[in-house]
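Visitor: Start from the sequences and build out the full structure, keeping to the hints where you can.
Given next are the chains, with one letter for each unit.
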Amino acid sequence: MLAMKGWEKAKYFVIRHHTGLMVWGLALLLALTPLVMRNPYNLGILNLIGLYVIVVLGLNLFIGFAGQISLGHAAFFGLGAYGSAILTATYGFPAWPAMMVTAAAMAVVALVLGVPTLRLTGHYLAMATLGFNYVVDSIFVQWDTVTGGPSGLSGVPPLTIGGLTFDSDLKFHYLVWTFALVALTLCLNLVRTGVGRGLAALAADEVAAAALGVDVRRQKIGVFVLSAVFASVAGSLYAHYFGYVNPDAFSIFKSLDLVIMVVVGGLGSVWGTLFGAAFITILPNFLGFLETYKDIIHGVILVVILLFLPQGFVSGLVDIIRIRWARRRIALAVSPDA
Amino acid sequence: MTTETVTNDILLQVSGLSKHFGGLPALDDVSFIAGRGQVTALIGPNGAGKTTLINCLTGVIRPDAGAIRFEGADIAGMAAHRVARLGITRTFQNLRIFPRLTVLDNVLCGLTVEAGASMLEALLRPPGLRHRERRLKLTALEALDAFGLADKAGWPVGVLPYGDKKRVEMARAFVSQPVLTLLDEPVAGLNPEETATVAAFIRQMRLAGKTMILVEHDMEMVMGVSDHVVVLDGGRRIAQGTPDAVRRNPLVIEAYLGRMSATA
Chain P
34 MLAMKGWEKA KYFVIRHHTG LMVWGLALLL ALTPLVMRNP YNLGILNLIG
84 LYVIVVLGLN LFIGFAGQIS LGHAAFFGLG AYGSAILTAT YGFPAWPAMM
134 VTAAAMAVVA LVLGVPTLRL TGHYLAMATL GFNYVVDSIF VQWDTVTGGP
184 SGLSGVPPLT IGGLTFDSDL KFHYLVWTFA LVALTLCLNL VRTGVGRGLA
234 ALAADEVAAA ALGVDVRRQK IGVFVLSAVF ASVAGSLYAH YFGYVNPDAF
284 SIFKSLDLVI MVVVGGLGSV WGTLFGAAFI TILPNFLGFL ETYKDIIHGV
334 ILVVILLFLP QGFVSGLVDI IRIRWARRRI ALAVSPDA
Chain E
18 MTTETVTNDI LLQVSGLSKH FGGLPALDDV SFIAGRGQVT ALIGPNGAGK
68 TTLINCLTGV IRPDAGAIRF EGADIAGMAA HRVARLGITR TFQNLRIFPR
118 LTVLDNVLCG LTVEAGASML EALLRPPGLR HRERRLKLTA LEALDAFGLA
168 DKAGWPVGVL PYGDKKRVEM ARAFVSQPVL TLLDEPVAGL NPEETATVAA
218 FIRQMRLAGK TMILVEHDME MVMGVSDHVV VLDGGRRIAQ GTPDAVRRNP
268 LVIEAYLGRM SATA
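Quick mapping for you: the protein sequence lines, in order, are chains P and E.
Whatever position you read off the first sequence (first residue = 1), add 33 for this note's numbering.
Whatever position you read off the second sequence (first residue = 1), add 17 for this note's numbering.
Just so you know, these hints were derived from the structure itself, not from any lab.
A quick note: this is a predicted structure, and the numbers were derived from the prediction, not measured.
The calculated label-pair distances, taken between Cβ atoms and stated as ranges, are:
| hint | chain 1 | residue 1 | chain 2 | residue 2 | range |
| --- | --- | --- | --- | --- | --- |
| 1 | P | ARG362 | E | SER35 | 46 to 54 Å |
| 2 | P | LYS327 | E | PRO178 | 42 to 50 Å |
| 3 | E | PRO116 | P | THR211 | 33 to 41 Å |
| 4 | P | LEU144 | E | LEU41 | 36 to 44 Å |
| 5 | E | ASP26 | P | LEU335 | 53 to 61 Å |
| 6 | P | ALA137 | E | HIS148 | 28 to 36 Å |
| 7 | P | HIS51 | E | ASP26 | 47 to 55 Å |
| 8 | P | VAL337 | E | PRO178 | 29 to 37 Å |
| 9 | E | PRO116 | P | ASP177 | 51 to 59 Å |
| 10 | E | ILE270 | P | PRO149 | 47 to 55 Å |
| 11 | E | ALA90 | P | ASP177 | 55 to 63 Å |
| 12 | P | SER187 | E | ARG152 | 49 to 57 Å |
| 13 | P | THR198 | E | LEU137 | 29 to 37 Å |
Glycine included, every Cβ here is placed at the ideal spot set by N, Cα and C.
Guide: Put into structure tokens, the structure is as follows:
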């Protein structure tokens with residue numbers, strides 16, 4: 034009897050805290066990964082995935098919840114990287130304050146970009162962000178006295194905490210995934226509150242969302258700013274990890290890759306984001322001689338997913354399973370002996 | 018001055034409301050009163066301006082002229098989310114629910130104002146917010162129970178039959194204990210049995226002291242549940258009064274009931 038009670042208690046605990054338990058489980062898995070994965074090349078890829086997870090989590094909130102599209106998130110990512118690189122390498126700023134100052138500046142940039150464009154309906158923001166990325170990319174290439182031009186900036190110092198310097202793939206692994214898991218937790222928190230439901234509502238139907246008390250424009254701008262800050266922080270980490278920045282990593286094509294990561298992961302799916310970022314980052318390693326056609330392959334993936342699973346790959350599949358499951362239960366309720 | 022129906026407690030007072038779409042009057046100097054705790058019905062043939070009126074009341078569209086006094090304050094032209102925050106909820110003519118969300122989450126969306134956290138607070142989800150969320154979930158589950166949807170809480174709304182979807186939308190509109198609820202054709206597309214269920218529900222809510230404005234085509238249903246009926250035709254108010262008085266009004270019979278009686 035008592036054992037039964039304990040079992041029930043455990044079951045209740047797992048159900049109630051399943052999201053938190055999944056995050057802790059993932060944290061444990063990632064903490065142990067370097068014990069198994071000793072190859073620095075693989076660890077490097079995992080670090081890159083961590084960086085993209087941070088960007089794509091924010092972008093997915095914006096695309097999947099605010100129902101808008103940004104084709105310029107590589108610009109926020111890039112400005113974060115350049116901001117940290119210029120402040121630390123050129124002006125000798127301490128790294129952590131530089132990261133914060135850059136992120137705050139990106140919030141302002143996103144606000145300035147978002148306020149006029151999110152007022153309009155339709156995909157004006159997609160065009161505005163695309164243009165924004167193009168401008169930012171041009172600045173990286175052209176303004177070589179500050180940005181180092183096409184060859185970029187080097188000599189960005191690694192991040193340190195106390196006496197610990199994050200100067201190896203292994204050390205950076207723990208740093209970047211701490212950031213990624215914090216970002217994941219923040220997104221999961223947001224999604225599981227009234228604010229998150231309001232965002233899901235506004236992505237589905239703006240008129241209905243407004244009638245429920247959601248300030249549609251304000252929430253859209255809020256998520257846009259949030260996603261820009263996430264991208265900026267990831268960019269700063271990127272700069273300190275590689276020690277240099279150059280314009281190639283932050284072009285319009287990178288922005289498209291980020292959108293493809295969102296689509297693979299599934300619109301509005303926080304967990305799917307992990308899969309999307311990992312899949313698209315790992316993919317080139319399996320393409321071999323096809324790597325030259327990477328952009329074509331990414332394009333095909335995007336088109337195929339949007340044709341067959343408009344909600345994105347992972348959440349599209351989950352939706353199909355949920356709907357099948359519910360339909361079966363309805364069928365059982367109608368004819369119990371079936 | 019026309020003689021308005023005497024109500025002891027006025028919740029909503031619409032006066033001189035007008036709205037033109039490209040020169041065509043959708044609403045032309047419409048005035049009426051909704052008494053607290055009463056069911057006020059807006060009826061009229063297609064194109065009479067009923068939906069335009071309800072959209073003006075909820076801030077979806079901005080009226081050209083006129084005042085909408087809600088608990089004494091003018092809310093004409095106010096943004097939809099601000100109107101909602103005053104405690105005015107609504108259902109939609111063509112059902113606006115969120116098909117990918119579960120039944121429970123759809124109803125929880127009706128508590129958006131009550132959940133009312135800032136984005137920063139939601140990101141951090143402090144214990145106070147968690148506690149509040151848990152209470153809201155209980156409130157939503159109670160509403161599901163009241164609407165006979167408790168066993169479907171976890172289902173995606175998209176798979177439910179039409180009648181159940183309508184009930185989800187009704188549950189969403191009433192879960193927050195609203196001051197005023199606008200029901201835009203709540204029985205459109207329902208069979209007689211389901212219609213009777215909705216009518217019984219409206220009467221039950223009326224007994225519980227809820228104030229409702231009902232836009233409806235189904236005359237029999239309107240007459241059975243309303244305290245006060247306002248008749249619109251061509252954007253103008255052509256009559257108002259008790260259901261019985263309206264039923265006998267020759268203008269109404271000509272504009273609306275005459276056409277209905279052929280099928281009734």
